[in-house]
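Protein chains in written order, with my numbering: chain A, 20 to 438; chain B, 650 to 708.
Hints are computed from structural coordinates only; laboratory data are not their basis.
Positions of the beta carbon are idealized from the N, C-alpha and C atoms, including for glycine.
Quick list of in silico lysine-lysine cross-link-like pairs, DSSO-like style, CA-CA up to 27 angstroms:
no., chain 1, residue 1, chain 2, residue 2
1, B, K696, A, K419
2, B, K703, A, K385
3, A, K178, A, K232
4, A, K385, B, K705
5, B, K703, A, K419
Cβ-Cβ distance ranges computed for the label pairs, FRET-style:
no., chain 1, residue 1, chain 2, residue 2, range
6, A, G306, B, G706, 53 to 61 angstroms
7, A, E430, B, P689, 19 to 27 angstroms
8, B, K696, A, G49, 42 to 50 angstroms
9, B, G693, A, G138, 40 to 48 angstroms
10, A, K419, B, K651, 45 to 53 angstroms
11, B, K676, A, K419, 31 to 39 angstroms
12, A, P371, B, P690, 24 to 32 angstroms
13, A, K57, B, S699, 48 to 56 angstroms
14, A, K419, B, G706, 24 to 32 angstroms
15, B, S677, A, S354, 21 to 29 angstroms
16, B, S679, A, I438, 48 to 56 angstroms
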Amino acid sequence: MEERILRANQEAFDRLQLAQPTIVGIGTAGEDIPGMDKMTVLHAGPPITWDRMSGPLRGAIVGGLIYEGLAKDEAEALELAASGKITFDSCHHHNAVGPMAGVTTFSMPVWKLRNEAFGNMAYCTLNEGLGKVLRYGAFSEEVIDRLKWMEKVLAPVLKATLALSGPIDLKTMIAQVVQMGDEGHNRNKAGTSLLIRELAPYLVMTEFSDEDKRDVLKFMHSNDHFFLNLTMPACKCSLDPLEGIENSTMVYTMARNGTDFGIRVSGLGNRWFTAPAEIIDGLFFPGFTKEDANPDIGDSVITETCGIGGFAMATAPAIVQFVGGTPQDAFNFTSSMYEITIGESSAFKLPPMNFRGSPTGIDIMKVIETQIRPIINTGIAHKNAGVGQVGAGLVRPPMKCFEDALEAFVEDAQARGLI
Amino acid sequence: MKPLNGLFEKQLKVANLGLETFYEDLKSQSVEVIQVDWRPPAGGNEKMLSLLGKLKGKK
Chain A
20 MEERILRANQ
30 EAFDRLQLAQ
40 PTIVGIGTAG
50 EDIPGMDKMT
60 VLHAGPPITW
70 DRMSGPLRGA
80 IVGGLIYEGL
90 AKDEAEALEL
100 AASGKITFDS
110 CHHHNAVGPM
120 AGVTTFSMPV
130 WKLRNEAFGN
140 MAYCTLNEGL
150 GKVLRYGAFS
160 EEVIDRLKWM
170 EKVLAPVLKA
180 TLALSGPIDL
190 KTMIAQVVQM
200 GDEGHNRNKA
210 GTSLLIRELA
220 PYLVMTEFSD
230 EDKRDVLKFM
240 HSNDHFFLNL
250 TMPACKCSLD
260 PLEGIENSTM
270 VYTMARNGTD
280 FGIRVSGLGN
290 RWFTAPAEII
300 DGLFFPGFTK
310 EDANPDIGDS
320 VITETCGIGG
330 FAMATAPAIV
340 QFVGGTPQDA
350 FNFTSSMYEI
360 TIGESSAFKL
370 PPMNFRGSPT
380 GIDIMKVIET
390 QIRPIINTGI
400 AHKNAGVGQV
410 GAGLVRPPMK
420 CFEDALEAFV
430 EDAQARGLI
Chain B
650 MKPLNGLFEK
660 QLKVANLGLE
670 TFYEDLKSQS
680 VEVIQVDWRP
690 PAGGNEKMLS
700 LLGKLKGKK
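Can you build the whole structure from these sequences, using the hints too?
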């Protein structure tokens, strides 16, 4: 059995190494994401029912229903959400990912990415910026107005820009940003800058007004996390081809919905292994404490699943001013992740690790054996809807996810007569 | 004299495995010491060890 596992994990790892995530355009959730309709709301993390959802996820759903015109205010939205008329489902079940609450509705514009090595697609909404935003559960008028501007101006301008520029190779761009002080999850300053540099020459050639072009460039420039909504689907489309490789113990999904943390393992198909999401240990913005924090939320942990984010923290020493700790801690986090991964990235090379490839491909057996859980650096949402981000810090998945997955893996191997 | 006693007549250089309190005690006494972050496989969880053993072909 050990030989079978080694071979299967090598296959899974090789598929990830071969991935070629590429931006191919801008679309809308309704037109492009499989299985979407007007009454479907996608969210981050493993599947969850309305009654178990946390404050920020509920808030984002309220905002999504108002944005779609399905409810005129919070009260109507709450009633509709609880009525059973709305289908809630994981972004991950629809080739999509979403940061924080991850709420994705029919009319929202989405990045369209294709993994050119395997032909599969991934989708993600466009990043709204900081402050009061839907992904942190805010749904006030300014939030809805910004979403409308993104739909009516930002997305059409970017769509026309991409039509002129052609596809953009994200693998190469992410390989560059990890050598420019980004780790691709909580620090996206270099990525956002490179993206603007790539798009600007074509953006100015579009036929929109100078005012619209200026607003789009300013919007991207004002938000260091704009690139996050591209690293995420890049990782998603890179990892999806790993689903269902028989005998592989490699994790191909980690995600949180604000209540549960869930993982999926290559050899166990699309089955989720969940446990209660943990509270993040980090630095809080002035006026907020750990008491205000919602448990871990968002699909952005797909970056760590792919070997960047917390796994590449050594390359982003400046991140510790945002999440806490010292540059030596960041180095140690990356070093320890080599203990639980299958290999090293051939694309994402980390200068502080003497250009060693980032630790890639979490193996559930190694996690159990070493008792070292993956390290994630992430934002902290307020536990109440509508407040927004209150800090950033470090968190790990519950060990129970890995223990349950290992048990299921053994049962599956026994059922197939392999052990 | 037993060889072990001779050990304490020299300056000690200690590598401590596992429980960190031993490392901290020595460090507070200015003894040269390094800490090795070691823990038993699967944290000593017998059920998990048994599952890992099945996949690695051990009983």
